[in-house]
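Asks: So the chains spell out like this:
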Amino acid sequence: MSLQLLGVHKWFPGRRRAPSQEVLRGVDLTIESGEFVSLIGHSGCGKSTLLNVIAGLLQADGGRVALDDQPVQGPGPDRAMVFQNYSLLPRLSLLANVREAARAAQPDAPSARGDELAERYLRAVGLWEHRQKRPHEVSGGMQQRTAVARAFAVQPRILLLDEPFGALDALTRARLQLQLLDLWQNESTTETVLMVTHGIEEAIYLADRIVVMGGEPGPSIVEEIPVPLSRPRDRATLIDQSGYHTVYEHLMRLLTKDDVAAN
Amino acid sequence: MTAPAPETTAVTERPLTGPEPAPAGPNPEIPTSVPPPRRGRFRDLATSVLFALLGVGCLVALWSLVAWRSPDLPTPIDAWREFLDLMSSPFHDSGPNDKGIGVQLWISIGRVFRGFALAALVGVPLGLLMGGSRRAWQAVNPVVQLLRPVSPLAWFPLGLVVLKDSPQAAVFVIFITALWPIVINTAAGAASIPTDQRNVARVFRFGRVAYVRHVMIPHTLPSLITGLRLSMGVAWMVIVAAEMLSGGSGIGFFVWDSYNGGNLSAVIAAIVFIGLVGVALDSAFVRLGRRVSTQEATP
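Residue numbers (this note's numbering), protein chains in the order written: chain U, 27 to 289; chain A, 11 to 309.
The following block holds chain U by itself, in its conformation from the complex (with noise of 0.2 angstroms):
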């Protein structure tokens, strides 16, 4: 499933007497079926806002954002998400938590291939044995996990995540990159994968095309960069390949550049 955006144009509106925000001006992507592409940027760049305005939670003030040729209109069912602080529900176990979502993208099929799916992704990410805990008595990283197999679970097309692995420590974050992938290409129909983040390994070590969000002149699309490395990638051997050295300093260079600018 590809995705189309053509200058999508996006304001918050002012509190009181506040001025009203631009936080994305005149933004095109095209993201083709079966890609990962990560989008990157400093924060308050308005990626997250982007990722909300595909995901259907927010409403672009101008501008066309379509899937498959199909204007989106709202959330719906070829689209999952997985949230930056998790987002679990605090009540429900880990497995409540995956079943409710698997279920209420099939509404019409029975609850048994809900559960299936449920308890497929729960599996796949090892916290099977963890099912009937409540999200608050497992780790930040098993949380995570349990929202990605969620993400997983509704079966989507396309998965958008907002800056899923921030929060983690940098082994955790790096088990779950890989399932992650793993995920994405061995166990899922899942075909395309956009990802916010900032960080800039994280970035390249999942990517086919990285996409730099700017807030000068306007908040957008500054550059778009492909990722000239071979699938599948090992971590501890990326950092030598030629191509990654390249993209990594383009990157840097351009997210640097921001800071000397505003300060």
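Just so you know, the hints here were simulated from the structure itself, not pulled from any lab data. Nothing here was measured: the structure is a model prediction, and the numbers come from that model. Each hint should be verified, as a subset may be incorrect.
[To be verified] So the derived list for chain U, only partly shown, Cβ under 7 angstroms to chain A, looks like this:
#1 L83
#2 P97
#3 M107
#4 G269
[Unchecked claim] Residues from chain A that keep clear of chain U, each with C-beta distances beyond 12 angstroms, as calculated:
#5 L64
#6 L83
#7 S99
#8 S143
#9 L168
#10 L170
#11 P204
#12 N209
#13 F216
#14 G217
#15 Y221
#16 L286
Using N, Cα and C, we set each Cβ at its ideal position, and we do this for glycine too.
Assemble the complex: chain U is given as a structure, and chain A must be docked to it using the hints.
Replies: Chain A alone, transformed into the frame defined by chain U:
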């Protein structure tokens, strides 16, 4: 800095409750695991009881002083005798004019629970509706805000006219009393569902039933229980006044009847009984609230 030595000896001298563990470390003199410092539970309890008694003692002393200056007021000893007298047969029921204090309290508790249950039945759905829909909030909130500051006793005449029965009118007053805290707290709880939980429900396309069941009610529950607890507290206060108006039976009637019969000792004893029942009701809700909040996620 104090020397650590005395503390170590104190720890090793502590009597062991279980069988003595085999020395695990190279030096058996140094305990491998140190139990957390513990003050005597009994001593804590004794201290708090002592101070509670001190507080009660001060009140009784003050009361004796006032009773000594104004002879119409019963002394603490009079009241204590009356208290014991009432306690001697709390559940006797010899007609409308001679009921034991337990019977009267039980009648009042029954009325409070009926009014309270009705209020919960109406208030919880109404609060959920208000919290869930901005339009419903805009429609209902002005009415609630207008009626909330009115003493519920003002509704007594209306209840009397419509229900044509004064005990029923008292239940109606309790219903009105209990309604507002339940509605307001439920609505506030339901309105404060965090955006990311709403977003989860939207992205994963929860149906209305799943949303109410898995997002709205769980999130609202703690503040809903607070509302129930508050309204039960006020209802128990208001029932006394309502029964003074309605007459016939109940603890409020008992207080008014005792006053008319010139038995102020009974009034004071009844105050103590009312307080004890109030504490019991409140602690039941505190316990309920605690049971709910232990399941609550820490952020």
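Asks: Determine for every hint whether it applies to the structure shown.
Replies: So, going through the hints one by one against the coordinates:
With a least beta-carbon distance of about 6 angstroms to chain A, the hint placing L83 of chain U at the interface is held under the 7 angstroms criterion. At about 18 angstroms, the closest approach between the beta carbon of P97 of chain U and any beta carbon in chain A exceeds 7 angstroms, and the interface hint on this residue is violated. Annotation: M107 of chain U was flagged as interfacial toward chain A, and the flag holds, the nearest CB pair being 5 angstroms apart, inside 7 angstroms. Given the 7 angstroms rule on beta carbons, the hint for G269 of chain U is violated: about 34 angstroms separates it from the nearest Cβ of chain A.
A cut-off of 12 angstroms between C-beta atoms confirms that L64 of chain A is not in contact with chain U; the least separation is 41 angstroms. For L83 of chain A, the condition that its CB be more than 12 angstroms from all CB atoms of chain U holds, with the nearest at approximately 54 angstroms. Consistency note on S99 of chain A: stated as away from chain U, and its beta-carbon is indeed over 12 angstroms from all of that chain's, at 48 angstroms minimum. The claim that S143 of chain A is not at the interface with chain U holds, since no C-beta of that chain comes within 12 angstroms of its own (minimum 18 angstroms).
With a least CB separation of 41 angstroms from chain U, L168 of chain A remains clear of the 12 angstroms interface cut-off, as annotated. Distance check on L170 of chain A: its Cβ is at least 44 angstroms (rounded) from any Cβ of chain U, clearing the 12 angstroms threshold; non-interface status holds. The claim that P204 of chain A lies off the interface is violated: its Cβ sits roughly 9 angstroms from the closest Cβ of chain U, which falls inside the 12 angstroms cut-off. Residue placement check: N209 of chain A does not keep its beta carbon more than 12 angstroms from all beta carbons of chain U (closest about 6 angstroms).
With 12 angstroms as the threshold on Cβ separation, the claim that F216 of chain A sits away from chain U is violated: the shortest Cβ distance comes to roughly 5 angstroms. A beta-carbon of chain U is positioned within 12 angstroms of the beta-carbon of G217 of chain A; the least distance is around 6 angstroms. A Cβ of chain U approaches the Cβ of Y221 of chain A within 12 angstroms, the least distance being about 9 angstroms, so the stated non-interface status is violated. At roughly 35 angstroms from the closest C-beta of chain U, the C-beta of L286 of chain A stays outside 12 angstroms, upholding its exclusion from the interface.
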